[in-house]
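Colleague: Please model the entire structure based on the sequences and the hints provided.
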Amino acid sequence: MEALFVFYDGECGLCSKARTHLAGLAQHVPLIFVPYQDLRLQAVFPELELLDPDQQVIAMSDTGDIYRGDSAWITILWALRDYRRWAFLLARPAWRHQAKAAVHYLSLNRRRLSAGLGLRVRSTFPD
Amino acid sequence: MNHMIVTYTLYLTLSLLLTVWVARTLHRNGRIFLVAAFKGNEALADSVNHLLVVGFYLVNFGFVALYLKLTGRVADGQGVFEAVAGKLGIVLLVLGAMHFFNLYLFNHLRRNAELDTAPPPVAPVTTLAQVIARATTPATTLPTPREG
Numbered sequence: 000m001e002a003l004f005v006f007y008d009g010e011c012g013l014c015s016k017a018r019t020h021l022a023g024l025a026q027h028v029p030l031i032f033v034p035y036q037d038l039r040l041q042a043v044f045p046e047l048e049l050l051d052p053d054q055q056v057i058a059m060s061d062t063g064d065i066y067r068g069d070s071a072w073i074t075i076l077w078a079l080r081d082y083r084r085w086a087f088l089l090a091r092p093a094w095r096h097q098a099k100a101a102v103h104y105l106s107l108n109r110r111r112l113s114a115g116l117g118l119r120v121r122s123t124f125p126d
Numbered sequence: 000m001n002h003m004i005v006t007y008t009l010y011l012t013l014s015l016l017l018t019v020w021v022a023r024t025l026h027r028n029g030r031i032f033l034v035a036a037f038k039g040n041e042a043l044a045d046s047v048n049h050l051l052v053v054g055f056y057l058v059n060f061g062f063v064a065l066y067l068k069l070t071g072r073v074a075d076g077q078g079v080f081e082a083v084a085g086k087l088g089i090v091l092l093v094l095g096a097m098h099f100f101n102l103y104l105f106n107h108l109r110r111n112a113e114l115d116t117a118p119p120p121v122a123p124v125t126t127l128a129q130v131i132a133r134a135t136t137p138a139t140t141l142p143t144p145r146e147g
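So the protein sequences, as listed, match chains A and B. Mapping of the first sequence onto numbering that gives the first Met the number 0: position 1 corresponds to residue 0, and the numbering continues sequentially without gaps. Mapping of the second sequence onto numbering that gives the first Met the number 0: position 125 corresponds to residue 124, and the numbering continues sequentially without gaps.
It is worth saying that the hints were derived from the structure and are not from the lab. Backbone N, C-alpha and C define an ideal beta-carbon position, used for all residues, glycine too. Take the hints with a grain of salt, since some may be wrong.
Pairs of lysine to any residue residues, derived as SDA-like cross-links and limited to a Cα-Cα distance of at most 20 Å, are as follows [said to hold, decoys possible]:
#, chain 1, residue 1, chain 2, residue 2
1, A, Lys16, A, Ala114
2, B, Lys38, B, His26
3, B, Lys68, B, Val58
4, A, Lys99, B, Thr125
5, A, Lys16, A, Met0
6, B, Lys38, A, Arg80
7, B, Lys68, B, Leu57
8, B, Lys38, A, Arg83
9, A, Lys99, A, Trp85
10, A, Lys99, B, Ala122
11, B, Lys38, A, Lys16
12, B, Lys38, B, Asn28
13, B, Lys68, B, Leu9
14, A, Lys99, B, Thr8
15, A, Lys16, A, Ala101
16, A, Lys16, A, Leu118
17, A, Lys16, A, Leu116
18, B, Lys68, B, Thr8
19, B, Lys38, A, Arg84
20, B, Lys68, B, Tyr7
21, B, Lys38, A, Val28
22, B, Lys38, A, Met0
Anything over 10 Å on all C-beta distances counts as not near chain A; from chain B, calculated [claimed, not checked]:
#, residue
23, Leu13
24, Leu25
25, Val47
26, Phe60
27, Phe62
28, Leu87
29, Val93
30, Met97
In silico contact screen, one side only, chain A against chain B (beta carbon under 7 Å); selected entries [claimed, not checked]:
#, residue
31, Leu49
32, Asp53
33, Gln54
34, Gly63
35, Asp64
36, Ser70
37, Ile73
38, Trp77
39, Arg83
40, Phe87
Modeller: In structure tokens form, the structure reads like this:
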């Protein structure tokens, strides 16, 4: 894998904050963040809509492997140099369930959490 | 006095022999771990292996030297054996601890190297090709995306 595309919610403050944070970390595999609302993305990859990117974060490798929700998060951690260990830990059956539940909760409540934490989208779709 | 000299001589000889034996074992068998850790770079592995063994010798010889002094007097043959056994026991435990620390180090280096090249720990939920195939099939047979 040479690159990992991350399709996130560009209208969610929490997601944008997470994106800025993750982009600043050392990466084994380069992460390319694209908000799923980006019109250019919709033009080149209209099939993304089938994966319900508004429900869960989607990650796609340059080789075409697609990860969704907790799988996407684990793969993003795997791509980060200092968090690869965590990816392997969370992928274990004992932790996977909790990871899935946490990611599901965050995805479901991301807009409400963003409002509660006072996180706003700083600029419209920087990518 | 004579018994003291015998005790010291026996202690030093046995401790040094044991240290050399453990160090050589580490040197011989640790190499393969280091070659794996350095992704087949044998020159680097041999260099690190040698440096580790030098450190091992220094720490153990240092300990053996510092631990030489007997607190009580050794009066007879029985005393010699008891004193040497007591000293050697501690030296062996220290050697053992150092040995396991080295094993941990070798394995830690190897695991780190494996992590660098490991594929993602989770399987993809689908692939781009499948999604495109799904997009081109009629809407009535459109399957819902699997949950990650």
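Colleague: Hint by hint, say whether it matches the structure.
Modeller: Each hint, compared with the structure:
{"no.": "1", "hint": "A/Lys16 / A/Ala114", "verdict": "holds, 13 Å"}
{"no.": "2", "hint": "B/Lys38 / B/His26", "verdict": "holds, 18 Å"}
{"no.": "3", "hint": "B/Lys68 / B/Val58", "verdict": "holds, 17 Å"}
{"no.": "4", "hint": "A/Lys99 / B/Thr125", "verdict": "holds, 17 Å"}
{"no.": "5", "hint": "A/Lys16 / A/Met0", "verdict": "violated, 25 Å"}
{"no.": "6", "hint": "B/Lys38 / A/Arg80", "verdict": "holds, 18 Å"}
{"no.": "7", "hint": "B/Lys68 / B/Leu57", "verdict": "holds, 19 Å"}
{"no.": "8", "hint": "B/Lys38 / A/Arg83", "verdict": "holds, 18 Å"}
{"no.": "9", "hint": "A/Lys99 / A/Trp85", "verdict": "holds, 14 Å"}
{"no.": "10", "hint": "A/Lys99 / B/Ala122", "verdict": "holds, 14 Å"}
{"no.": "11", "hint": "B/Lys38 / A/Lys16", "verdict": "violated, 37 Å"}
{"no.": "12", "hint": "B/Lys38 / B/Asn28", "verdict": "holds, 17 Å"}
{"no.": "13", "hint": "B/Lys68 / B/Leu9", "verdict": "holds, 13 Å"}
{"no.": "14", "hint": "A/Lys99 / B/Thr8", "verdict": "violated, 65 Å"}
{"no.": "15", "hint": "A/Lys16 / A/Ala101", "verdict": "holds, 18 Å"}
{"no.": "16", "hint": "A/Lys16 / A/Leu118", "verdict": "holds, 8 Å"}
{"no.": "17", "hint": "A/Lys16 / A/Leu116", "verdict": "holds, 11 Å"}
{"no.": "18", "hint": "B/Lys68 / B/Thr8", "verdict": "holds, 12 Å"}
{"no.": "19", "hint": "B/Lys38 / A/Arg84", "verdict": "holds, 19 Å"}
{"no.": "20", "hint": "B/Lys68 / B/Tyr7", "verdict": "holds, 8 Å"}
{"no.": "21", "hint": "B/Lys38 / A/Val28", "verdict": "holds, 19 Å"}
{"no.": "22", "hint": "B/Lys38 / A/Met0", "verdict": "holds, 19 Å"}
{"no.": "23", "hint": "Leu13", "verdict": "holds, 43 Å"}
{"no.": "24", "hint": "Leu25", "verdict": "holds, 27 Å"}
{"no.": "25", "hint": "Val47", "verdict": "holds, 22 Å"}
{"no.": "26", "hint": "Phe60", "verdict": "holds, 36 Å"}
{"no.": "27", "hint": "Phe62", "verdict": "holds, 34 Å"}
{"no.": "28", "hint": "Leu87", "verdict": "holds, 40 Å"}
{"no.": "29", "hint": "Val93", "verdict": "holds, 31 Å"}
{"no.": "30", "hint": "Met97", "verdict": "holds, 26 Å"}
{"no.": "31", "hint": "Leu49", "verdict": "holds, 6 Å"}
{"no.": "32", "hint": "Asp53", "verdict": "violated, 12 Å"}
{"no.": "33", "hint": "Gln54", "verdict": "violated, 9 Å"}
{"no.": "34", "hint": "Gly63", "verdict": "holds, 3 Å"}
{"no.": "35", "hint": "Asp64", "verdict": "holds, 4 Å"}
{"no.": "36", "hint": "Ser70", "verdict": "holds, 4 Å"}
{"no.": "37", "hint": "Ile73", "verdict": "holds, 5 Å"}
{"no.": "38", "hint": "Trp77", "verdict": "holds, 5 Å"}
{"no.": "39", "hint": "Arg83", "verdict": "holds, 6 Å"}
{"no.": "40", "hint": "Phe87", "verdict": "holds, 5 Å"}
In this structure, the hints that do not hold are numbers 5, 11, 14, 32, 33, in rising order.
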